[in-house]
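J.: Residue strings, one per chain:
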Amino acid sequence: MEKGCFCFIFVFAISFLAFSQNKMAVLSGRVFDQNTGEALIGATVYDEAGMAGTSTNAQGYYSLKYVVSDSARITVSFLGYESRSIAPGPASTIQNIYLSPATRELGEVVVTSGIAANVQKAQTSAFMVNKTELLTLPSLASEPDLNLYLQLTPGVSFAGDGNSNLYVRGGGHDQNLFLLDDMPLFHVSHFGGFFSTFNADIINSATLYKGGFPARHGGRLSSVVDVHTYDGDLYKFHGKLTLGLLFSKIAVNGPISKGKSSYNISFRKNLFNYLDLLSDANIDFNFYDANVKISAALSEADKVYLSFYSGNDLFGFHDGTDSTGFLKNSTSWGNLAASVRYNRIFSPSLFGNFIIGHSDYHFNEYRFMKLDSVSEDERVHYENDFQSDISCEFAKAHFEWNIRNNVRLFAGYEFNGYRYNPGNAHIIQKFPGLENAEGDYGYEKSYSIENNLFAELIFEGVYGFSGNIGIRPSLLSIENISFFSFQPRLSLSYSLLKNLEIKTSFTQINQAFHVLTSTGTGFSSDYRIPVFDIAPPSESEQFVVGLEYKPQPGYEITLEAYSKYMDCLVMKKPGVRYTVDYSAWEKTIETGGKGLSEGLELLVRKTLGTFTGWVGLTWQSARRCFENINNGNPFPFDYDRTWEVNCSGQYAIKENMNLGLNWIYATGIPANIPEWYYEDIDGNSVFLYKGYNSSRQRDYHRLDLSLALKGDHGDWNISIMNVYCRKNPYYYEVTICDKQPVLKEHNLFTIIPTFSYTFKF
Amino acid sequence: MKHNYILFSVFVLVFLISCNTMDYIKDDHIRLDYAISSFFSPDSLFIIKIDSVQKFFFKSGEEMNARIDAVVLTSLSSNEHFALQKIDDSSFLYTSPLVCLKKGGEYKIEVFLDSTDEVISAIDSIPNSEPSFNLLSTGVRIDRNAMGDASLVNATCVILLVPPKNMLRSYYELKVFTKSYARELNYFAVNEVQVGLESSSILITSEDYYPTGTSIDKSKPSSLLFSTSGDVDSVLIDFVYCPDISLPDVLSEHDLRIELSCVSYAYYKYKTSLYKQKNALRGDVIFGAAQPVSVYSNVNYGTGIFAGYTVLSKKVHVDKFVYYD
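Just so you know, the sequences run in chain order U and L.
Position 2 (the first sequence) corresponds to 2 in this note's numbering; numbering is contiguous.
Position 148 (the second sequence) corresponds to 148 in this note's numbering; numbering is contiguous.
Just so you know, the hints here were simulated from the structure itself, not pulled from any lab data.
Only a predicted model underlies this, so the values are computations on that prediction, with no experimental measurement involved.
Ideal Cβ positions, reconstructed from N, Cα and C, are used throughout, including at glycine.
Please note that the accuracy of each hint is not assured.
To be verified - Capping the alpha-carbon separation at 20 Å, the derived lysine to aspartate or glutamate pairs in EDC-like fashion look like this: (1) L:K278 to U:D682; (2) L:K55 to U:E733; (3) U:K430 to L:D238; (4) L:K269 to U:E679; (5) L:K108 to U:D680; (6) L:K175 to U:D680.
What the hints assert, rightly or not - Simulated restraints, written as ranges between beta carbons of each label pair: (7) L:P164 to U:D440: 27 to 35 Å; (8) U:E733 to L:K102: 38 to 46 Å; (9) L:S229 to U:D699: 49 to 57 Å.
Go ahead and model the full structure; you've got the sequences and the hints to work with.
T.: Below you can see the structure in the form of structure tokens.
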């Protein structure tokens, strides 16, 4: 019934809007930076006479219908750039437009927002990243980080020290779809969660969707983080070298063929093993990120891109030498993604974007011990190489059809072919006195294919309503089982008063695989497993209603309430090792879980002027329910923070000096602290819990400051994290000492000053 | 303007209607005044410990537990009742010399409290199966440090277990006790001690409670629990133990007592969940705190364990072994 209604509304809306259009000429093309040739995302293209406008998409594409007349003027503008007005011809044409950066004298220091306003008017629950704020945000490594920035926004639970994962509206960190230039990345956290895999310097635009997902996005239950990187300067070479305490990086970009093709390459890596310096143990630590993007304009209408990302982390211990005996334990993980993207303006009203690529994530635990320098019968050799991977071959074809200036149709097809290695270990075991053993143990490798169609109709100002109606039929096949989902989407907004909009959205979304994750704090140990008969795809339904008020340019206040229901969730059985029994999932996982999160989010944001920033307030309640956990009763989600206050600001003291600040207060996350204990007849202490996640950690709060100084030859960035040395809880440990219970709180960071220097060449 | 308010109300109404709820299942009325614990077998005197459950953070002024009126053990097989008495006033142990437990017998314990009609109770039986086992071999394992030097000499054993012939799953616990001798003191025997065990048998390493090779700060379990299906003819179990850690390069001469118990399902569930809880409680700076594990209980209106088992025992004398580099 629900599906039928959606089909009817969708078809009716398309028919009505398509037939009611007028014949006008169409101007379309891309908008670029005049100096660098970089596509400008979210630039406004406005027909002065017809009083209609549009904005450029993530590829800088626009399409505007205008009334043909001698006085027709199209104005193109973008924050921080000189506006440009052009007189369109009588016939539909494709025309690329170049804007020059603003060169006006700065009577006062003006910080432009850099927010790309390419998100639809009816869109709820979207947060567009302010690049200026992002680049001056206080951070642990004096390195701005996208995930840590997004953690400060309402609706994203602050994860805590040493954790850069995103927990959006009661969802797990595995429920976020990270798109880097349209390539999905599976895990975006570096060791210790100090920072994510996104190199902030190359980010052109980033948008977080917490709800009201457009139908073009799917595959994860809780959020979409859509990141687009710079193409590189088409005319001049640029280079940056940053030296920091935790890592250093180099970034270069420039033309390959002047005015036609460009490259943008960045690489960051820890230069020295600072963890080894801090500890007596022999610690192995290593990480890197590499981003490569090559773009080329084949013609005015055609553009092709090559994108590549590789990142890896390694953490472990070793002891001894080959001659004396050697011991090594390590964990490593990383992503690899590559794609070819082609986009074309087929006609002034039709734009297509096509991408094929590969993305994979690998997780490895390695334990090695050997002793060869003794007699044959005393030799020891032990090796346990555990590997868990997922890889995805993907292809997407997206079309954007400009039906009228206020009506667009997005439609397309997406293919995802997943290959799973849920977990396999190669074990060699040779110990004196014990039988030698060698073998491979593991879960079966499997494949799944996901075919998605999507269509979304976006309209603005139709009987006072703006909206996005979409469907995303999806067929997920694995072996002989198929799962079909319809996934309707609806976003609507209506202007109650001038500058005051009421918005609502409904989203149904499915996830193509499950993630088993350790609920420990901070460390990466995720295993991606396929859906199967006892664990069908997880589903989510989310309703949002909200108010958006923009009292004047540069100010916005949003208030949103949401209710999100999740079904078919999966989690690891408490206390069960992942590798316990490779033959039966039933022994390892709990299935059929349900989740319900509800919340209220207030965001007051200033995006223009010498002072920019926001204050966010969140109330939320996030619950999970599994039949065999907590006696079948709902229990708080691991990152359920009831209250959260975030203040983030940036003040331009001088033209070349910015002060950044953020302060966060959050209710403590749920913790498992025993309520009772007894000693059994054998003298064992037995702990009893009131329920799962029935206690809470102490509340979390912290103030961070940063100072960014821009010089002629380079930039300094100085950060102080946790200025007032708050000892925030990391985890709790319970023991019995002398028959008395002892609860010990472990902390991770107190005050941390860091700095970095960026040399430009 | 009125139109706007109506629309606003419709939006809010739709949102409220869409809100889902999650129903809480009512907990059974559980008293947590007392924890009972007893592992009973036909080969030993029946003893049960009835101790009050302690609040983790006891606040003064909180009400005390109800008093115990009577403790009764009933043999459900023979319908005999035994009133249990405290061993002494200062202990929490109850027993009766009249109790005579039998293999295959089903027993019920009841603890009557003075202020309530609720009776703390539990039922379990003693396994009736007849497994057998033989000690196949003993040996030594030399653990070395990273420099290749012998850091510890351990003793190794392999046993062959022949499970009972039935189609049911059987549960076992393996315990090892050592009694060491000091020659210079003329064979003066020290107390028998239970030693921690390691094993490489897949039957044991595949159990949840057994620590993985990659577990940080792993400790040897004090006993090895495992189960066999009814269609298995025989299984080999190896284990490693260290009789005396104070002499790292010497395997001292000792008597070894291997105790293989055939345990009830409740016994197996309790012990394995207890070991899992112990492992889960150990947090560390990398992995943080693990998910909590509830220890299995088969006690109604209280908590604890009441579980039966039978024991098979073998003794062997192990000679001294000195490692010469």
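J.: Could you run down the list of hints and mark each one as holding or not?
T.: Now the hints, each set against the structure:
no. : hint                         : in the structure
1   : L:K278 to U:D682             : 14 Å, holds
2   : L:K55 to U:E733              : 17 Å, holds
3   : U:K430 to L:D238             : 14 Å, holds
4   : L:K269 to U:E679             : 17 Å, holds
5   : L:K108 to U:D680             : 18 Å, holds
6   : L:K175 to U:D680             : 18 Å, holds
7   : L:P164 to U:D440: 27 to 35 Å : 33 Å, holds
8   : U:E733 to L:K102: 38 to 46 Å : 44 Å, holds
9   : L:S229 to U:D699: 49 to 57 Å : 51 Å, holds
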